[in-house]
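One line per chain: the protein sequences are A and B, in this order.
Start counting the first sequence at 1; every next residue gets the next number (this note's numbering).
Start counting the second sequence at 1; every next residue gets the next number (this note's numbering).
Hints were generated in silico from the structure; no laboratory data involved.
Only a predicted model underlies this, so the values are computations on that prediction, with no experimental measurement involved.
Just so it is clear, CB atoms sit at the ideal spot from N, CA and C, and this is done for glycine as well.
It cannot be assumed that every hint is accurate.
Computed list of chain B residues with no C-beta within reach of chain A, every gap over 12 Å [to be verified]:
| no. | residue |
| --- | --- |
| 1 | D20 |
| 2 | H134 |
| 3 | E247 |
| 4 | T302 |
| 5 | H324 |
| 6 | T414 |
| 7 | R441 |
Restricting the straight-line Cα-Cα distance to at most 35 Å, the calculated cross-link-like pairs of lysine-lysine (DSBU-like) are [to be verified]:
| no. | chain 1 | residue 1 | chain 2 | residue 2 |
| --- | --- | --- | --- | --- |
| 8 | A | K66 | B | K354 |
| 9 | A | K69 | B | K306 |
| 10 | A | K38 | A | K66 |
| 11 | A | K306 | A | K354 |
| 12 | A | K69 | B | K38 |
| 13 | B | K66 | B | K38 |
| 14 | A | K69 | B | K66 |
| 15 | B | K354 | A | K354 |
| 16 | B | K354 | B | K306 |
Number of protein chains: 2
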Amino acid sequence: MIQDDLTRLSAVDAARAIRDGRISSAALVQACLDRIAKTDGQIRAWAQLDQDIALAQAHEMDRIRKSGKATGALHGVPVGLKDIIDTRFLPTECGSPVFAGRQAEANALIVDRLREAGAVILGKTTTAELAYLHPTHTTNPHNAAHTPGGSSSGSAAAVAAGHVPLAVGTQTGGSVIRPASFCGTYGLKPTRGMISRSGLLRTSGSLDQVGVFANTLEDMGLLTDVLSGFDAADPASFARPRPSLLEGARSDPPVAPDIAWFDMPYHDRLSEDARDGLDAVIEALGARVERFDAAPQLAGLTDVHKTIYDYEIARQMEQLVADHGATISSEMRAAVRRGLAIGEDQYQDALAVKETADAFFVEHFNDFDAIMAPSASGEALALSEGNTGDAIYCTIWTLAGLPCLTLPLLVGSTGLPIGVQLIGAAEEDDRLMRTAAWMLRSLAEEK
Amino acid sequence: MIQDDLTRLSAVDAARAIRDGRISSAALVQACLDRIAKTDGQIRAWAQLDQDIALAQAHEMDRIRKSGKATGALHGVPVGLKDIIDTRFLPTECGSPVFAGRQAEANALIVDRLREAGAVILGKTTTAELAYLHPTHTTNPHNAAHTPGGSSSGSAAAVAAGHVPLAVGTQTGGSVIRPASFCGTYGLKPTRGMISRSGLLRTSGSLDQVGVFANTLEDMGLLTDVLSGFDAADPASFARPRPSLLEGARSDPPVAPDIAWFDMPYHDRLSEDARDGLDAVIEALGARVERFDAAPQLAGLTDVHKTIYDYEIARQMEQLVADHGATISSEMRAAVRRGLAIGEDQYQDALAVKETADAFFVEHFNDFDAIMAPSASGEALALSEGNTGDAIYCTIWTLAGLPCLTLPLLVGSTGLPIGVQLIGAAEEDDRLMRTAAWMLRSLAEEK
Numbered sequence: 001m002i003q004d005d006l007t008r009l010s011a012v013d014a015a016r017a018i019r020d021g022r023i024s025s026a027a028l029v030q031a032c033l034d035r036i037a038k039t040d041g042q043i044r045a046w047a048q049l050d051q052d053i054a055l056a057q058a059h060e061m062d063r064i065r066k067s068g069k070a071t072g073a074l075h076g077v078p079v080g081l082k083d084i085i086d087t088r089f090l091p092t093e094c095g096s097p098v099f100a101g102r103q104a105e106a107n108a109l110i111v112d113r114l115r116e117a118g119a120v121i122l123g124k125t126t127t128a129e130l131a132y133l134h135p136t137h138t139t140n141p142h143n144a145a146h147t148p149g150g151s152s153s154g155s156a157a158a159v160a161a162g163h164v165p166l167a168v169g170t171q172t173g174g175s176v177i178r179p180a181s182f183c184g185t186y187g188l189k190p191t192r193g194m195i196s197r198s199g200l201l202r203t204s205g206s207l208d209q210v211g212v213f214a215n216t217l218e219d220m221g222l223l224t225d226v227l228s229g230f231d232a233a234d235p236a237s238f239a240r241p242r243p244s245l246l247e248g249a250r251s252d253p254p255v256a257p258d259i260a261w262f263d264m265p266y267h268d269r270l271s272e273d274a275r276d277g278l279d280a281v282i283e284a285l286g287a288r289v290e291r292f293d294a295a296p297q298l299a300g301l302t303d304v305h306k307t308i309y310d311y312e313i314a315r316q317m318e319q320l321v322a323d324h325g326a327t328i329s330s331e332m333r334a335a336v337r338r339g340l341a342i343g344e345d346q347y348q349d350a351l352a353v354k355e356t357a358d359a360f361f362v363e364h365f366n367d368f369d370a371i372m373a374p375s376a377s378g379e380a381l382a383l384s385e386g387n388t389g390d391a392i393y394c395t396i397w398t399l400a401g402l403p404c405l406t407l408p409l410l411v412g413s414t415g416l417p418i419g420v421q422l423i424g425a426a427e428e429d430d431r432l433m434r435t436a437a438w439m440l441r442s443l444a445e446e447k
Numbered sequence: 001m002i003q004d005d006l007t008r009l010s011a012v013d014a015a016r017a018i019r020d021g022r023i024s025s026a027a028l029v030q031a032c033l034d035r036i037a038k039t040d041g042q043i044r045a046w047a048q049l050d051q052d053i054a055l056a057q058a059h060e061m062d063r064i065r066k067s068g069k070a071t072g073a074l075h076g077v078p079v080g081l082k083d084i085i086d087t088r089f090l091p092t093e094c095g096s097p098v099f100a101g102r103q104a105e106a107n108a109l110i111v112d113r114l115r116e117a118g119a120v121i122l123g124k125t126t127t128a129e130l131a132y133l134h135p136t137h138t139t140n141p142h143n144a145a146h147t148p149g150g151s152s153s154g155s156a157a158a159v160a161a162g163h164v165p166l167a168v169g170t171q172t173g174g175s176v177i178r179p180a181s182f183c184g185t186y187g188l189k190p191t192r193g194m195i196s197r198s199g200l201l202r203t204s205g206s207l208d209q210v211g212v213f214a215n216t217l218e219d220m221g222l223l224t225d226v227l228s229g230f231d232a233a234d235p236a237s238f239a240r241p242r243p244s245l246l247e248g249a250r251s252d253p254p255v256a257p258d259i260a261w262f263d264m265p266y267h268d269r270l271s272e273d274a275r276d277g278l279d280a281v282i283e284a285l286g287a288r289v290e291r292f293d294a295a296p297q298l299a300g301l302t303d304v305h306k307t308i309y310d311y312e313i314a315r316q317m318e319q320l321v322a323d324h325g326a327t328i329s330s331e332m333r334a335a336v337r338r339g340l341a342i343g344e345d346q347y348q349d350a351l352a353v354k355e356t357a358d359a360f361f362v363e364h365f366n367d368f369d370a371i372m373a374p375s376a377s378g379e380a381l382a383l384s385e386g387n388t389g390d391a392i393y394c395t396i397w398t399l400a401g402l403p404c405l406t407l408p409l410l411v412g413s414t415g416l417p418i419g420v421q422l423i424g425a426a427e428e429d430d431r432l433m434r435t436a437a438w439m440l441r442s443l444a445e446e447k
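Here chain A stands alone, though its shape is the one from the complex (with noise of 0.2 Å):
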């Protein structure tokens, strides 16, 4: 009734056979440290991993389970985090030399929720420089030759390589969404403040936002709802009731969705085998699908989330750059450079019209359940192109703080995955899980 490999079990799945005693944590997590073992030479996935702590905590949940004492929704299930979130048992040296050894004094509120659930933390994964474009280490796993995308690199390639069903990253313009694209996971970022930032690292207050990767739709749901709550030490955070995504992915709409597809101007980057893809899944969903071309206004907001992201990074990081000088990077340094001549009217304007947007898609999304567009530009580059692959295809969703998904239902001509993406309601984000399952359907059906 269990597969002989538990590494392929979903997280609903390793949850409910925990749970139920058909197998125990520490089997799982097991088998996860040895196809790590067997598999991570290539991939380079984890920043930090540490086998007795790993096991530790699966043997805790294992005897919590035989006491009779409440489980988690996560019971036993292993769990990999972005090595940015601050972890008390592990270093957490957010893909940089500056941190190497560095020891959080504490968990990040997040950590503390998955422990509440009963979730064993594997490891940390690994991350771009800073969480932003230098690459790291990382091997896409479905060819060593590509990148995983990135900043959320080893999350995705962690997740992929089943090393791991479930692992948290981070996104402040598409470092969720590109990675799970071109790693062939699922990937959500789901509505900002909706999952608390305390204890991360932060590179732009206004953009930063946590986001999960899953290789199934309600996976990334449970994972969701387990992290998701209110943080009053975020200023991003809402104290306000939040939607089940769980429960999303396991309804149906109530009529068949409306879908909205705008032609961007920066889709004349798009691979040809990616826009080939998109056609065919917006004609396979027929009807459902209206398209438009995109109003200038929304268009610009890509730069708008370039104005908002260079500024803020550039105070964040200014003195570290200062400090360091030649151990960061040139992408980082160009970045804090290009950031401090960003004047502060610039700015205020940029957060204006980002205000404005919010209103646009208040509107939008009274029309549509959600909207479809490109994940990344298409397969994962080559590592020899040096960089983690082109983020606009999630700027302008990240900039509005809007709930976007990527589904791995394309393959490229070289045969690396390429994501789709949909973006929906703020704060509806189990109207989104619920759309993306009646489109998982509906393409499966049609085939």
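We have chain A already, so just place chain B on it with the hints.
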């Protein structure tokens, strides 16, 4: 389908009716405010009440529901908070003129948990001075010449009077169970560390615990589940999975539970009607209850509780007493004098005995599902006695951090309610709720 008097709805039913759109939160909150206006002149359960602030929250919850966005487990349901729980939108005066008009800068963590669940904070309920012994002006809703008990006086009285379906209190000795017993409501103090105390007046770091009042067992479960959660800032809090008390209240035990009763030396202080009532309950449950003479070390725990409480409250309140002299009650000044006379050795010894007690109870609950005990000495005392009653029936269980609840099962010789207490295993609050539900059903069938 919905009864005319909305204040008679349970919280579970009210939340469902609001979610389904059969009633509005504004109508429910207005009904509560009307009832308060009608009866609180005599009961005086409310320390802070602002109709506009309460109704504004209700309208916001109605707006969220109508928007189709997520609703919370307590969506639109009013809750009262003991006035030692910090709120940003209402003063927190802790039942003392020393704190008159005191405005907290931040909400207590549990206030934000309530907001996240969609609850309406109706207002702040009266407390004995500094959550200790000196009574508030609140009267018992069943008879205005009697005390509602304390220190969570207003929370118990407000729920008993139908002012609000749910209220939050705290217990360091017996400050939840006793007022619930005196006022004829259900009362529950879950396992120590389940609910955060950040943002609450501290009297004893080792003993202070949060509890709830409601008019049904399920309502207590619902409220506790909302409040329950890890808080890294509270040293008693634990980051382990939490049981669902609502599910517990709705479950059947796998086999008929086994209940223990200990005859304690202090039971000679029980009133005759309380003793007779408890005996009748024991008799009705027949072979399910086993009666024990209390081991001396068990009875001795009441002194251990007193040592820890006095020692700790003295150090918390010493400065306040020094600064405010006669503005502080003689009860509190005496406690500070007593506590300061306790040496470090005596205190450490008491803490050590407490550890052995915890081990005793772990053993005990292998054989029994619950302990049955008196909730209080009997009916509510007359106001003329000048105190809120004897906490001794609760102190051992509070000391051990065990979950305990009181069921409003008995009526005393003058017609006032008397509760019956059940105590469960630590972190198995769901099992305690299941046992309580079974007991309610068994006794109802008996009649």
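**Item:** Hint check against the structure, violated hint numbers in rising order
**Value:** 3, 12, 14 and 15
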